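Given next are the chains, with one letter for each unit.
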Amino acid sequence: MSQGTLYDKVWDRHKVADLPNGQDQLFIGLHLIHEVTSPQPFSELRERGIEVPYPERNVATVDHIVPTRPEGRERPLADESAEGMLTALERNTSEAGIQFYGLDSEKQGITHVVAPELGLTQPGMTVVCGDSHTATHGAFGAIAFGIGTSQVRDVLASQCVAADKADVRRIEVDGTLGPGVHSKDLILKIIAELGVDGGVGYVYEYGGEAVHDLSMEERLAVCNMSIEGGARAGYINPDETTYEFLRGREFAPEGEAFEERKAYWESISSDADAEYDDVVHLDADDLEPMVTWGTTPGQAVGIGERVPAPEDLPEGKREAARTAQEHTGVTPGERMAGYDIDVAFLGTCTNGRVSDFREAAAVLEGREVHDDVRALAVPGSQTVKSKLEAEGVDEIFRAAGFDWREAGCSMCLAMNDDSLEGDERCASSSNRNYVGRQGSKDGRTVLMSPAMVAAAAVAGEVTDVRDLGVVA
Amino acid sequence: MKVRRVAGTGVPVRGDDIDTDQIIPARFLKTTTWEGLDEYAFYDARRDDDGELNDHPFNEYKGANVLVVNDNFGCGSSREHAPRALARWGVEAIVGESFAEIFADNCKSLGIPAATTDAETVEELQTFIEENPDAGIELDVVDETVTYDGKTVDVDIDEAMRGALVQGIWDTVALLRSNMDAIDETAADLPYVDSR
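Read top to bottom, the protein sequences are chains A and B.
Sequential numbering from 1 applies to the first sequence in our numbering.
Sequential numbering from 1 applies to the second sequence in our numbering.
Example chain A residues on the side facing chain B (calculated, C-beta under 10 Å, incomplete):
hint: 1; residue: Lys-15
hint: 2; residue: Val-16
hint: 3; residue: Thr-37
hint: 4; residue: Glu-44
hint: 5; residue: Ser-81
hint: 6; residue: Cys-129
hint: 7; residue: Gly-130
hint: 8; residue: Ile-147
hint: 9; residue: Ser-150
hint: 10; residue: Ala-166
hint: 11; residue: Ile-227
hint: 12; residue: Pro-253
hint: 13; residue: Lys-317
hint: 14; residue: Gly-436
hint: 15; residue: Lys-441
If you're looking for bench data, these hints aren't it; they were derived computationally from the structure.
Only a predicted model underlies this, so the values are computations on that prediction, with no experimental measurement involved.
Virtual Cβ for every residue (Gly too), placed ideally from N, Cα, C.
Construct all of the structure, not just a fragment, from the sequences and the given hints.
Pasting the structure below:
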């Protein structure tokens, strides 16, 4: 087992007890709540007469089911089931005394966008949410992981989960990301290399020069997709980038208290001589923009590489590759550049932050979305939206022909009105390309960075953003 | 309730990396209860474009309770609706090559053992069920074995899962709340939790 890592130290600080089933009881510093995985737990607590013991360590917002068209957000929502879920969350959080950022709040948005930007997520915390992309918060040097609904109930009832300690794999990325290459490309490369189940039993510690050089927003995108590599959590040791991001945020400590807290943050970082269960090296220098050709996030290649022939893959991966290529309609041996696109989707907990839209806007400025493409820009939070509007970034999107929306999960999983139709092909900044993920079982999703989505939107096909002469 | 063995008949669902969106598509999660989820288990694979049932195993092996799957089953979204939908359909145990972690945790929370074994054994088991849909299959959680076709093969069940199921302590609420004082002590020792 690992020793002296951030994971070990934070785990030890939060361990409450050894449980008779062999698991550890872990205190949860921040529990994020949304409308999809919380109604049943609150009902069960009510039935059992249990009160939430630490309401102040829980925060809720609404994201999965919210309409993103401004005119669709009036209450009651047109979709009765969505309205029912929102109403339940309002009632549940109000009765339990839990902070809720609802549709009427200017801070509403995707849980994994909202918590970082409010300074709720901090280094050395344990963070859980009934959503697999909770891994996002590891970017701060927190242990953050997704849980099921029964565990949501456990956290509400005790502020704890029963958990098994995982092994720690250090992913050391040397070198520097080139122009037009982003952290999304880096994480897609990691998943393509290690496999979609390569991280099962591990948490990933990302480090090395290329990771150190990433901004907080870029780090959030990397940690967000840890789960797509099978690792339930991923983290980056906190450093000056982390501290500077937190300074002045609503829930971050101020003044002297900030410096005191910083001492804790520094103390939980992995030791220089920390022992890892596994170490993997990667070089960022040769990395190019990545795109998926199949139906898992691991079926990805560089934009200049050729789509593999199933018979060239290891035996266990051939059948899945054949099925995937039949679904996506790609031809082995070809490059993904030139793959026709019907929809461009920018947003989500992976790439719905301010810098993501700025990068895409740099590509879109002075250009227009291709006639055959419908293009959606969905900010990850209302805060992201208002910031971009203050900068005039929304104007670039609108002028290019993008539909500029309100915050939500939108077409990432299509629990609202935003959805692929028929066998549409989507250039997407989201995290999953599984069959049916974007709301149509015949729809095709090609994962890529925000800059690459913008390039695809303009060209009407998958395109190397670097060929557009923009260093976004 | 203790879960020591599950006996019944099998249902094979073939394919690697079957994610929870395929087990239950997101559009069916718009509910505040667990009612009726069985309708939506593997919905998109179970029905053709006109909504008619096709030849998916979940349409053909009604009454089965031991699901046999391949590699990395239940990856993707953390939604507990996925194992809940399988359970409501009738699944009481799952045997597969491997499971995504959150999915396996969710199975444990529901008292559904998720046992793993090698690809060859899974293949044999799936083929056996396809050829003998009415034949009995038994998963022994205590001994970590699957018995079918007159033979017994070893399987693995995660230790925490096995312990919880065999001892009947997979409802963790009471377990966690029995340590309330220790919870408060741990919290009080954390620099970011306000003293109370």
